[in-house]
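Enquirer: Just so you know, the sequences run in chain order A and B.
Going by the working numbering, the first sequence wraps up at 629, each residue one higher than the last.
Going by the working numbering, the second sequence wraps up at 629, each residue one higher than the last.
To be clear, the hints were calculated from the coordinates, so they are not data collected in a lab.
The C-beta atom is built at its ideal place from N, Cα and C for all residues, glycine as well.
Any given hint might turn out to be false.
[Unchecked claim] According to the in silico footprint, chain A covers these stretches of chain B (three or more CB under 8 Å from chain A):
no., stretch
1, 137-147
2, 259-271
3, 306-316
There are 2 protein chains.
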Amino acid sequence: MSAGGYTGKVLRVNLTHQSYCEEPLKQEIARQYLGGAGFGLKYLFDEVPMGTGALEEGNKLIFATGPLTGTKAPCASRMSVAAKSPLTGGAGVALSGGYFPAELKFAGYDLIIIEGKSPKPVYLYIRNGMVSFRPAAKLWGMKTSDCERVIKNDLRNQNVRVACIGPAGEQLSYMAAIINERHAAGRKGLGAVMGSKNLKAVAVWGENEVALADKGAFDNARRRMLQAMKESPVVYPKFSRHGTPMTVDVTCGLGIFPAANWSRTGEWEPIEPLGMEGNNKRKSGKEYCYNCPVGCTQNKLVRNGRYAGYLSAPEFETIYSFGGQTGVDNLDSIIAADYLCDELGLDTISTGVTIGFAMELFEKGILTKKETDGVELCFGNHVAMVEMIKKIAFREGLGDILADGTRVAASKIGKGAEKYCMHIKGLELPGYDVRGAKAHGLSMATTYTGADHNRGYAFQEIFGVPVPYPVDRFEAEGKGKLTKWNQDMRAVTCDCAPMCAFLMDMAVPQIAAENTSDLVSAATGISFTPEEIYLVGERLNNLARVFNIREGMRRKDDTFPERILTEPLKAGNSKGQYISRQELDRMLDEYYRERGWTSEGVPTRKKLESLGMPEAIKSLEEVGGLNFD
Amino acid sequence: MSAGGYTGKVLRVNLTHQSYCEEPLKQEIARQYLGGAGFGLKYLFDEVPMGTGALEEGNKLIFATGPLTGTKAPCASRMSVAAKSPLTGGAGVALSGGYFPAELKFAGYDLIIIEGKSPKPVYLYIRNGMVSFRPAAKLWGMKTSDCERVIKNDLRNQNVRVACIGPAGEQLSYMAAIINERHAAGRKGLGAVMGSKNLKAVAVWGENEVALADKGAFDNARRRMLQAMKESPVVYPKFSRHGTPMTVDVTCGLGIFPAANWSRTGEWEPIEPLGMEGNNKRKSGKEYCYNCPVGCTQNKLVRNGRYAGYLSAPEFETIYSFGGQTGVDNLDSIIAADYLCDELGLDTISTGVTIGFAMELFEKGILTKKETDGVELCFGNHVAMVEMIKKIAFREGLGDILADGTRVAASKIGKGAEKYCMHIKGLELPGYDVRGAKAHGLSMATTYTGADHNRGYAFQEIFGVPVPYPVDRFEAEGKGKLTKWNQDMRAVTCDCAPMCAFLMDMAVPQIAAENTSDLVSAATGISFTPEEIYLVGERLNNLARVFNIREGMRRKDDTFPERILTEPLKAGNSKGQYISRQELDRMLDEYYRERGWTSEGVPTRKKLESLGMPEAIKSLEEVGGLNFD
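In isolation and in its complexed conformation, chain A is listed as follows:
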């Protein structure tokens, strides 16, 4: 393929045989799936057989950029990592930014498909289309920043960009992340997949430029997008200044900032210590991804006390997971926790939620000091929280039990612990108590990666953006249709293009499809209408759904933890709200109907035909017994 935007080359690496080959990127795949998570899931779907264990040699790990990565499109230095997820057992994708994604393109490839398992620890060095397998025994056990530094020195090239796992990935923690310069492809345990392959790191560097099919049109589209960002009432005046921590204030205002393993949402709202005020006191400059005009990475520095010297940039989700969820209102300890997760290679959301879960078990007497090595693991104990992160990463003591997330931990602990698990499909819940934000909840219940706020964020409910129409966040009616729109739009703009999620929600939701189609068409020379762009997102969500169906998931898995279904919120601005089973059922019915899926949540032949997905039809036929039409 010789379209602009893409390098046109796929790198396939076999770790078992330490071999690699190049394949052309097929135009058909580019047109249908665009890039990023689209590419990742398409190759995963086609190549990873049903029933393959996530940590088995047969799983594949796919790093994929899109047609805008490495161009001057703002906020487009993004990539997707995809693999079957050890946490969910289904299709897993996680995205991250930084410089690595653009550099991968400069190094010569749109995507890397990593297969097999190296007999010994290894890292990959990809330089201007040349690939080498380098021994990583000495890197094994290293924190991510040490690994990056040693690799740069090893290669005598300070310009390489490194994505790697930390000790948690080596220990096959289901919560392990892949980190590039403090940017995490964090969720769904993809770091464990990398660890299972004995792959410590991927280092990339190159001098290729990304060609554009129509530079004039591209520059125009880019200017329009920058203008939309400028005109947004949110991006520059607020978001660029405060970053995501401002969402603490927002969610507390809505009464949906989850507290104490979701048992005290609305009752305990630590706005001052954990919100904008607390964060702004510790501000210490911002950092930018490649070609980003915003710089949402707000460094926070602890200047005195127990955690003095820790510097990190905790996003809202991290403040939730190590703050609200654990009952901790000490922001310094959260900054330390965030730093440690980046260094040890852990997903902050799952790790914090799992620690909060263990705290509730401790308070309920299900875990005792015997299991915690004498530690008072109660809500609010930030010292215990920070120590537990290290134990999880190295699988020491109780950390070994918690290292695979709440679902696995509950099954090991028994004694009714599963009642306190806050996960959907195995993935721990992010920082929005969906009892007070029902489209947000419906998306998490139905999306293919589990409790994932990034696969269909209902910014209408959280930020009050009236696009495509204004909504009532407590109302179930109409949320099926909204969720489909949110999921499909996110899928194409943020996961396939892939561009930064924040901008889509905050600046340009109303013109997201137009902007993306303009930029992508100009870059690639393949003409996409806004409608076609939207269809790419829908196609992705259908493909991923079929992947999960193949693995045994059904309507029964599109659900919430017990607590959400049965315990109304006791205080705050969402007081009294919950999502009953009946309400969930009504929302699911509407959602499946809007999607053109059966009442079991299975895509129909008609829907798949209309999206041009014969491979998905064939898969569903193979698993058999499903009601197609």
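Add chain B to chain A, keeping to what the hints say.
Expert: Chain B alone, transformed into the frame defined by chain A:
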């Protein structure tokens, strides 16, 4: 000046006025002082008036390379940092390696003289001869690796090399170091001088090549030196493999590995946990300085337990200061301590020795739990030791009292604490109990920087190298002459050239002067005989001596802590040894005589005239009252 080897340019920066200018490097200075510490001390001597406080605006901070820095001479990516030292009140120099020194030459300068005090936190960016002052408010409080990363991102140049201070330097700790990529210009508190100037960092990058006057001769000299390294029985078979930690085994074997604030040397010898064996178990690859064929930086990684994930490369001295000196035999905690000192910007020797000193005070009841915030600060408590490092860096609690080293701490604590201070001229002692190595001791007693093993290392006593002649380490007789040779040879080869100290001692002591003169002559085109090279070292030691005399130092300051003068070693292979006052006096008499100094330790007019040092004569005349001849 247009000789090879040098850039010929001096950068003078005034922080008060945020201005800078270039000056030519004078050939006369190059011929007399060669480079590195020679340049640093010469400018310091000429420009910092007598009586200037080390942390006052009038002090200057001088980064200086030499004629071999940035060339292909092995082990020559070194630089000196010089300033009046807050710890000793005298001339302070500290050297470090890495990539920064070579990059400073590539950026266009042989040395940088930093004057004044910036009104606000600032960092310098020096790029191909262009200098900019950049705001550093956001960097203030950052650990050194964070500072380096943020600066690289800030400048969008991953190839810059950064030397910076950590929180300790900002807090004006007299033990603060200047760190470049984990290489420390560690001793004498030069980090506090940098902090006092509100200078967080210096970033350098450039593309200048270092010209050579006679490339053929240079290559020949280089080959001879590499050959000498190859033939050395120490460099490749041992040193390159084990690094400096092998000195634990060596000094324990000699009964001179100091233990428990020097109270139990010879009785407690933790060879297994802290020596080669313990270190090799934790090995995790090596790192190299620019153009170094050896790679003595041996990374050590903690793989489990309380300190899991810590990675650093503790040198012998650090293993002594946080190990023997504190009675700690937990190597993992020493790896953590080393890491923390690099990140917080502290000298490992002074910090460890000061903590060991506090531990003895605690055991003696001079410090109590009231002062330690309830901590059992006794020998062997590695948890307390690691915590104390952080308290020192941020001046919290007892850390504030300890942050300026043993001498200041003792004067604040009172109650006879000064009896337990292990320092000379204010600088904490390194890891050789000089009671069993008397030339080593004499050098520390007499050299201008205080208890500094690097200004005249008696490798004859420690490693049994019979150059220039074999010695008996318990014998005082003849040590004056040896010490002069050791000090002058070190001064020129390691401090002025400046080349790596290890090689001079371990590979080529017998040909150090020849090698250096060959390499330097070929590089610069200024012809130096080996004798002239040696004289450069002697000149440096005389100049620094006069600097200190000007500040009030005399024979009385060339002494040892009480313990060394009065307590014989109780066990081990140096049992019974100590250095009595009479013995010290005999050694000093011989040393001064060999040096051509008066019995008060003052250089004579004759000596200074023979070295061609009118500036030193003038200074001595100005301070008056001294017996010159």
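Enquirer: Hint by hint, note whether the structure agrees.
Expert: Status of the hints after comparison with the structure:
Restraint check on the stretch 137-147 of chain B versus chain A: 7 residues with Cβ-Cβ distances below 8 Å, three needed, restraint holds. Coverage of a stretch by a chain is defined here by at least three residues with a beta carbon nearer than 8 Å to that chain's beta carbons; for the stretch 259-271 of chain B and chain A the count is 0, and the condition is violated. Counting residues of the stretch 306-316 of chain B whose C-beta lies closer than 8 Å to any C-beta of chain A gives 3; at least three are required, and the coverage claim holds.
In this structure, only the earlier hint numbered 2 is contradicted, and the remaining ones agree with it.
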